Amino acid sequence: MTIEVRSLTKVFEAGSRRNRRRIEAVHDISLTVGAGERVAYIGPNGAGKSTSIKMLTGVLHPTSGTANVLGMVPWQQRRALTRRIGALFGQRSQLWFELTPRETFRMLGAIFDLEPAAERERVGVLGELLDAADLFDTPVRSLSLGQRMRCELAACLLHEPSILFLDEPTIGLDLLAKQRFRELLVRLNEERGTTVFLTSHDVADIEHVAQRAVVINHGVVIYDAEVAAMRRTLLATKSVEVTLAEPSPPPEMDGVIVTANKDSSMSLVVDTTRCSIRDVLDHLLGRLSVTDISVTDPPLEQVIAEIYTVPRS
Amino acid sequence: MNARWPWVSVSSAARRVARDRGQLLFAAGFYVVVASVLAALWRAATEVNGGTVAGYSGLQLTWYVVAAEAVTIALNTRLIEVIGDDIASGAVAAELLRPAPVLGVRVCTELGRCLPRLGVCVAIGAVLATTTAGAPPDATALALAAPAVVLAVFCNLIAQHAFAGIAFWLRDARSMWFLYHKLVFVLGGMLLPLQVMPSWLHTVAAWLPFAAMAYVPARLASGHVEPQLLLVQLWWLGVMWWAARAVFNAGERRLQVVGG
Chain H
1 MTIEVRSLTK VFEAGSRRNR RRIEAVHDIS LTVGAGERVA YIGPNGAGKS
51 TSIKMLTGVL HPTSGTANVL GMVPWQQRRA LTRRIGALFG QRSQLWFELT
101 PRETFRMLGA IFDLEPAAER ERVGVLGELL DAADLFDTPV RSLSLGQRMR
151 CELAACLLHE PSILFLDEPT IGLDLLAKQR FRELLVRLNE ERGTTVFLTS
201 HDVADIEHVA QRAVVINHGV VIYDAEVAAM RRTLLATKSV EVTLAEPSPP
251 PEMDGVIVTA NKDSSMSLVV DTTRCSIRDV LDHLLGRLSV TDISVTDPPL
301 EQVIAEIYTV PRS
Chain X
1 MNARWPWVSV SSAARRVARD RGQLLFAAGF YVVVASVLAA LWRAATEVNG
51 GTVAGYSGLQ LTWYVVAAEA VTIALNTRLI EVIGDDIASG AVAAELLRPA
101 PVLGVRVCTE LGRCLPRLGV CVAIGAVLAT TTAGAPPDAT ALALAAPAVV
151 LAVFCNLIAQ HAFAGIAFWL RDARSMWFLY HKLVFVLGGM LLPLQVMPSW
201 LHTVAAWLPF AAMAYVPARL ASGHVEPQLL LVQLWWLGVM WWAARAVFNA
251 GERRLQVVGG
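These protein sequence lines are chains H and X, in that order. Everything in the first sequence is counted per the working numbering, starting at 1 for the first residue and increasing by one. Everything in the second sequence is counted per the working numbering, starting at 1 for the first residue and increasing by one.
No wet-lab data here; the hints were simulated from the structure. Some hints could be false.
Where chain H lies over chain X, by a calculated footprint (3+ residues, C-beta under 8 Å) [said to hold, decoys possible]:
| hint | region |
| --- | --- |
| 1 | 98–105 |
| 2 | 244–258 |
Here are some chain X residues pointing at chain H (derived, C-beta under 10 Å) [claimed, not checked]:
| hint | residue |
| --- | --- |
| 3 | W7 |
| 4 | V17 |
| 5 | D20 |
| 6 | S89 |
| 7 | G90 |
| 8 | A91 |
| 9 | V92 |
| 10 | A93 |
The model shown is predicted, which means the values in this text are computed figures rather than measured ones. Cβ atoms here follow ideal geometry from the backbone N, Cα and C, with glycine treated the same way.
Please model the entire structure based on the sequences and the hints provided.
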């Protein structure tokens with residue numbers, strides 16, 4: 001296993017000495033991630049995602065529990081581990097603002113023990129891969145957020161890490177930049193086998209990048225499954241859109257709700273625990289003059305929102 | 001352990017500042033004003049005091065002032081506050097993702113930022129002192145002052161990191177910034193030579209690390225051939241490095257970064 005976590009717990013202490021409060025950010029989390037997986041680690045604000053990632057990268061020490069990342073205990077062997085992982089915290093920059101990205105890469109290359117020639121070659125490759133070569137000579141403080149994020153990603157890929165930890169990497173990016181970023185992550189994973197472990201509030205990041213979703217809430221893992229399976233199993237409803245040759249009365253079936261019926265189009269929501277989608281299609285095709293029909297899963301956003309509503313046990 | 005990153009950190013930061021003419025001009029202008037006024041005041045004081053103050057002539061005090069001000073103005077005066085804010089806000093978390101010590105990289109980068117400003121201030125100070133008061137009082141002492149100014153800046157930078165590390169516990173280093181600068185200004189001999197102070201205060205100040213950050217290079221530049229002062233600086237450099245490392249090591253273990 002690339003990442004193995006057992007009963008990981010983190011408690012923060014807040015407030016004055018007299019009025020000290022204990023905030024349990026992560027509670028007894030256990031999970032494993034195999035090499036080359038693309039995992040989305042998701043949850044609502046304050047769920048404990050960023051705290052978990054910071055423990056897995058060795059930045060934070062846990063209150064209890066164990067973790068093993070690439071055979072190392074992150075908080076005990078942080079410096080050795082940093083040579084093999086890349087981490088991008090969307091809200092915290094690792095670039096020096098007064099330097100250009102190229103100067104930063106030179107410093108990072110020295111810090112990561114890369115030979116100057118190897119570092120220059122790697123920067124060239126990353127410039128092409130990220131379509132960012134023309135940004136590398138502009139001072140970081142003059143870059144837009146999207147441009148800076150591409151340089152941040154280049155910085156964390158400079159030493160060719162085996163695992164990428166990404167904490168809200170697409171925050172603040174425009175649609176096009178997000179799309180390119182996601183494509184790049186999938187490409188890195190498929191071409192180089194880089195394990196991707198990402199948190200995001202953007203459902204499209206999860207949908208387009210992750211194969212597996214681990215959902216955390218109130219510091220506890222509440223769901224862990226393939227993204228496709230999550231969609232299939234968690235909401236037992238399907239949407240049916242029908243186009244008719246002429247206006248027709250809606251079907252009256254147990255478990256079928258008509259959400260719209262106007263002119264020659266009809267929208268239905270089918271509760272598949274009460275009525276099979278096959279029965280609904282047979283009914284529609286047999287009794288109505290259907291010219292077009294589509295069956296879709298509910299949006300992932302809805303699935304995740306459902307999971308978030310699981311109460312804290 | 002790779003030995004390349006400290007040099008690359010210092011040189012990258014130094015090159016960037018050296019190219020920033022606006023920043024250098026501002027530092028130079030500020031330095032000229034402060035050093036000229038203080039040197040003129042001290043020369044006036046020596047004249048009304050029969051030619052010397054606490055054993056320093058007007059010429060010596062001028063060289064004292066230009067050296068003491070150069071090592072102070074070369075530094076980012078808000079450094080403690082900046083480090084404290086980076087710790088309290090959790091920005092330091094990104095620096096923990098590198099296989100090099102956070103303290104080492106920070107000190108080297110900051111030293112790189114200071115060196116061009118120090119070079120400019122020292123050059124201007126030498127011209128200013130020579131034209132307004134006369135040639136350096138002693139060539140040997142001046143030669144000793146050259147490494148002393150770099151050691152003073154280095155020692156000051158490390159000490160500021162040690163003091164700023166309090167933010168790992170208090171999450172605010174602003175009060176420490178205020179206190180630290182007052183200590184360097186007075187007990188460090190930046191505003192006045194330690195010999196001007198009452199003897200008990202002089203003794204106390206001489207035993208504190210702040211003297212290594214301003215008094216030592218200024219004392220040497222003022223013509224006193226006292227090479228043992230370089231050893232004092234090296235001693236405090238070692239002590240401050242040990243203290244800053246202990247603070248950062250302990251602080252990094254108890255770092256609290258809540259949220260993204």
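Legend entry - Hints the structure fails to honour: none
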